[in-house]
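Chain by chain, the residues:
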Amino acid sequence: MTVGIVMLCHTALDRAGQVARHWAERGCPVVIHLDRRVPEAERRWLTTALADLSDVRFSDRVACEWGTFSLVQAAILATTRMLQDFPAVRHVYLASGSCLPVRPVAELQAHLAAHPDTDFIESVTTADVGWTIGGLNKERFTLRFPFSWKRQRRFFDAYVRLQRWVGFSRRIPQGLVPHLGSQWWCLTRATLEAILHHPDHARHDRYFRRVWIPDESYFQTLVRLVATRIESRSLTLSKFDFQGRPHVFYDDHLHLLRRTDAFVARKIWPRADRLYRTYLADAPDPAPVLELNPGKIDRLFAKALERRIKGRPGLYMQSRLPLKSRGGTQSAAPYGVLEGFGPLFPELESWLGRVAEARVHGHLFAPNRAEFAGGEAVYKGGLSDSASLRDYNPRSFLTNLIWNTRGELQCFQFGPEDAQHITEFLVADPKASIFIISGAFAVPLWRSGLPAAEVRAEAARLQKIEADFIALLQTPEAKARTRIWSLADFVENPAEVLHQIVDDLNPRAPHRMTELPRMVDLAGFGAFLQDLRNQGMQPVLMGDFPASFGVTEHEPDAKYGTRAR
Amino acid sequence: MGLIDAYRLRVRRQYLLLRAFRRRRQLQTVTDHLAACPPQPILLFSTLRNERVRLPYFLQYYRKLGVDHFLLVDNGSDDGSREYLAAQPDVSLWTTRAGYKQSRFGMDWLMHLLRRHGHDRWCLTVDVDEFLVYPFCETRPLRALTDWLESGEVRAFSSMMLDMYPKGEMHVQPYREGQNPFEIAQYFDSGNYVISRNARYRNLWIQGGPRARVFFADTPRKAPAMNKTPLVKWHRSYAYVSSTHMMLPRGLNLTYETAAGEKPSGCLLHAKFLDTFAVKAEEELARGQHYAESHEYRAYRQGVAQERDLWCKWSEKYINWRQLETLGLMSKGNWA
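First to last, the protein sequences are chains G and D. Residue numbering for the first sequence follows my numbering, starting at 1 and increasing by one per position. Residue numbering for the second sequence follows my numbering, starting at 566 and increasing by one per position.
This is chain D alone, in the form it adopts within the complex (with noise of 0.2 Å):
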């Protein structure tokens, strides 16, 4: 059983290596300045569509954590995203008008720009709507993070999302360009994730928040996964199986403790439930384009529709790093 799981693991990496090998020429580049970034730099790497509004604020936040450069695929923006992003020096940017479902959700490119300028370097790969919290992060850039890790030869940094939302419908306080979108959903579910072991890779499967509690009361197997792996030292042998929610070689996934302690994690605020959100989830549904027939965006669409309000009395509103430690969402582990 062993070896031939790890036999197969093995062929299943090296077959999305190759996927994302093949795809590299749906690729195109618009701006390069790869050249221009400082030795050993940290990267972000990133797939957008029609993200222009989010995109200033994005790109402040994670300069700010101290990352060097972006390297970003725009997948067919038609707002203007594309022309802003180029006009940013610390941004390298690809285009493709291919498919997003075809790709695995921007994975087979996202991979192959790892693979390319990843290695060797930390790599942080996220959402233009995700916004990721470390331990210290008010005061320690993430340039301390990782070298922290890297003394003790941790390889992967595991940051479960957070779904973050407003009081009241999604559509009362509209999303300004630049704004701190947390200033508008400033509220979490503290509490509701449920955790199962994934025997095969190894990673822990992570659901719940407050979209598991609306929309997916009836149907929690179907709710989303939260647990992602966003910020690696990459090696080129490297791959992500399913978005970022797990890895291979699998010993990455091992991010989590299974004696008593804790190793040290952060979150991801995920800004999705905006006033934008409504006009996207219609757009995504008539693409298709997403994860499992849309299922998620469908069940969305119901609860927008019947106008549903995520808050509830026991809404936790979000302060900083230190109330999400205290609560158990993430951990310092040792790093003092």
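Next comes chain G alone, as it looks inside the complex (with noise of 0.2 Å):
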């Protein structure tokens, strides 16, 4: 009573014979098919290489395609020389020539000894399986798959979007009930026997012959019909990656492979010289023996299925840049963009870091160069606060501010004097939150205390570029969150709109504000508004800004406070 292994080989002959070698020597007969195309020398090299054991045998060989049935009948061939020639095998082992036993060949016969009458064979019904390539599970056993899916592959797609069109369904032999599953397993000899002798044996064969990928349903399939006791897992740790094909171990995730539960591992690659080294020695693994935890294996290839299809939100580097609709207007984290603040709270900066445990930057947009907070010419991740270098690509430096100080919520100032091309991607960003007043760029310009004949036309010109952002914000592409208040609507109430960004920005921050910074004093604001009127312009972003502000009322700062309670 022991368990025989059957070798899939077709490359890295000397890591298979080895393998061979290590199976045979401790009491585990082999069987090896070899593909077809392996050349002659190999072929002999390896007979040769393994001559001296009489429990190696070669079965005859086929030429083996992915994808193919040819796969199924080198499992035959060789599981039926297994069969013959080694009559004490109750369970066969399908294994590939990649495969490496990743935990003593004692510990797997004492597994299956335990376990005579099971079959170790992942088998799951077509509707439950969630990990199929190319999205066909079911369809695998009703088209018809004539192109080879690695070399035509165009024809392929083509050929099954045809069939599905015309409705076309190939008829599944009564009695199937198609299963999918790992293609390497471990069956006992009565199970076995049972497939491969029964009555519509031909039968099954002709129908497999036709189905994609037979090798993961071909015995997870017929496995059902005649077996008696199936455990549905396979006892070979085999991952795959987002395009099907199998994750390979290197010398590095030895530590990883010591959690695993499974007795075999794929694929290892060839070169791995410390994996084969440690588990084909004669004298057990010398490491601990650690608690095994094959969720570990299972996270760190989720995890770098997630980095390939996925990525880092907001990271735009040298092999990921996506598309716009694909996350290409989004930065790594949010931001808070203030418009309007700096006019009326001279002291915004060192306030809202405070209250909102943000930091806070000026005008990073600013014509003669990027504010960073602080006032420090280079920032986080070498960031140059030189205009030219921003305004070269406005875009990458947002992101790249953005995405350096990942972990710290930034904000900062922007208005209709800066730089404005980086608007566009503002709005479209679904992780900026754009707070503006409306107008209150003109509140510098009056406390200039030039005349209003002589800043009227920079006043305009302000008006406009505001009006022009805002209008696009209100487009049906902005993502971004948007709050807008006009400096009329504002001065109604400051406290409330102060408490609201802090609450926006930053929810976790402590709630009850005990202070509020100082604003400027806009007693004689209107008039001056009024005067803009009277040189012919139209300010209209203010709201309607009574004239008389301030001036009846002579403690602005006072009001302020008594409503901020």
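If you are wondering where the hints come from, they were derived from the structure by calculation, not from laboratory data. Since the structure is predicted, the reported quantities are computational estimates derived from the model, not experimental observations. Each residue gets a CB set at the ideal place from its N, CA and C atoms; glycine is no exception. Misleading hints may appear alongside valid ones.
Unchecked claim - Per the computed footprint, the stretches of chain D lying under chain G, defined by three or more beta-carbons under 8 Å from a beta-carbon of chain G, are:
1. 707-715
2. 747-761
3. 779-785
4. 817-826
5. 892-899
Each chain sits in its own coordinate frame; assemble them with the hints.
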């Protein structure tokens, strides 16, 4: 009573030979199927290398191609040989040339001896598998696949589409319920004989000849007809990436392989000397026995898959540049854009930094330089404050800043006097929160003390720019979170607005704001706006700002203080 | 547009191949050990001039990664580089005194060698001061990477250039022969690279790093390109268009993901900014053999003359490839 190993080999025959020797020397007969396309010289080399082992045999050969019935044929040929030549074999373990036993052979033998009638084969109904590539589950069994998926993909896809359109469907032979699963199994002699000598054997083979990837479905389906006790899991650790190609294990995976509950791992990189040395050694692996934790391996490969499919949102780099529709207008983390607050609150930056626990920059897009927090000339990641560098690619500048500072909330001031090329990106960025007090750009003009006649043109220019930005925010493409107050609305209740932006920017910030920033005294600003009107400009963005604001009430700060409570 | 453009690019590629072919006679063989290569070797191609002091570490670094053979073109060195290389068993050496600039900055020579010896093999084309770092490079040889790329039918591997620089002025810590240059040039800029897409060749155009930050702050358009595709499963019909920045056929330039995910990529650590740099900058400026009227070197000379330190307080100190991966400069993709 023992386990026989069937090995399907086509490359790296030196490694396959080593593994075959390992099995055979530990009492497991081995039957090797060599791909017909293996050159004669290599075949001869392998047979010579293993000639001293009486329990290693070579089966008849077929040429194997991925996704075709030839792989099943190879398994059948070698299994038949195994059952014939080694009557003592109770279980047959199907492995490939790049499989490596990662637990002592004796443990596998003991495990199988303890479950003499159990078939270990992953076998899942087509309705329940989620891992097939190309989206073909059930259709593997009902369509025809005359074209190679690897070499003639276009024809393959077109032919599948055609059959779907026509409504073509093959009839599944009576009694068969399609199942799928890993092609690496370990079945009992009884089950295998029942499959191979089934009265409908010829009919099954004829059917599966035209099924796509039958090595993942032939035994997996037929075993359901004949077996009495199936444990639906593979004893071989084998992980596939999103293109359906197996992940490869390297030397640096050794610590992970020590955690697996599988007996055999695939596939092993042929030059992973350390893995082969460790697992094919006479003495057992000297490393301390760790608690089995197969989930660790799953997580590693799941993370790799996620990196390849989803990537790191907001990162733009040499091998990730998503199109607009795939997250190409997104930053790495939420950030705030404040327009019109600076002119009203001279100490905005230090205040907001404290209450929202954020890094608050000045005007990052100011015409002469990027005003980083603290007035730094170079910021995190080596970002320069040079305006020409920034304006050369403002989008990269901003996404770099947000990426470099991830983990810390960023805010910056913006305004119509700044370089405006970035607006298109800001508007489309779902991570941006844009807060605007429209019309506040006029406050510095008023405070400059210059007569309205002189600043009229500038006020009109800024108003046009700000209106364009606001219009952009109202297009359907806008993804940014936006709040806009006119200056008139804002001065009605500034404290509430300030509360709101802090809440929006950092919901976890301490809620009770103990302090509010000092606001400039707007007494007389209404008159300035009237002056602008008198000069022929139409100040609209400020809203209906009362001409008498602050003039009748002599203490604007006090008023603002009472409202805040 | 599509067809005409594709045709133009085809003509361009054939022109480049023809150029390379015509300049083959400029190369004289010094040593040719290619016959001793193992089957399916990984080959490294490079042009150099007066790099004697850098060569031992360069060879050592790439031998350790698993490069099987070096195919080098010596462009008239007079510092013993040629003699040193001629004595190496895994180096095949060609020499020429022809103009560097006239041969597309050495690319014509290398493309001829690539076409002759690189067909259907993995070929790494780098400068003597560029050191490839790829995911898992500490534990997995280059062959593991190329095997894995090949299993996914990937033909080209992108590796952005990362300028490394010391803290303080460059001449303070002299470089000794055989030394790891990154013991001196330990720092790099981690997050100031700007990317745009070249619609015609479909490659990414990446600029940034300390050179853009210090030397090209006022003329960012002229800042050197950092995107490179040094590792390619070569085919005799391929051509490098501008250094190793972009290739033809242009499908080879699609080393980036335009959906949300990340393709695997590496970095070329660039050990240019050592004490040898000032001398080199002077020499190259005098020869006028560099790209775009040597404006790059002109800018450097100004920068160096003012003894500007590339280091700033946000400079990142190099640790390993995992650090570069975390910083988002390169990616493992789905290699695990």
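We went through each hint and held it up to the structure:
1. 707-715: holds (count 4)
2. 747-761: With 8 residues in contact (Cβ-Cβ under 8 Å with chain G), the coverage given for the region 747-761 of chain D holds.
3. 779-785: holds (count 5)
4. 817-826: holds (count 7)
5. 892-899: Our answer is that it holds, as 7 residues pass the Cβ test (under 8 Å) against chain G, meeting three.
In this structure, every one of the numbered hints holds.
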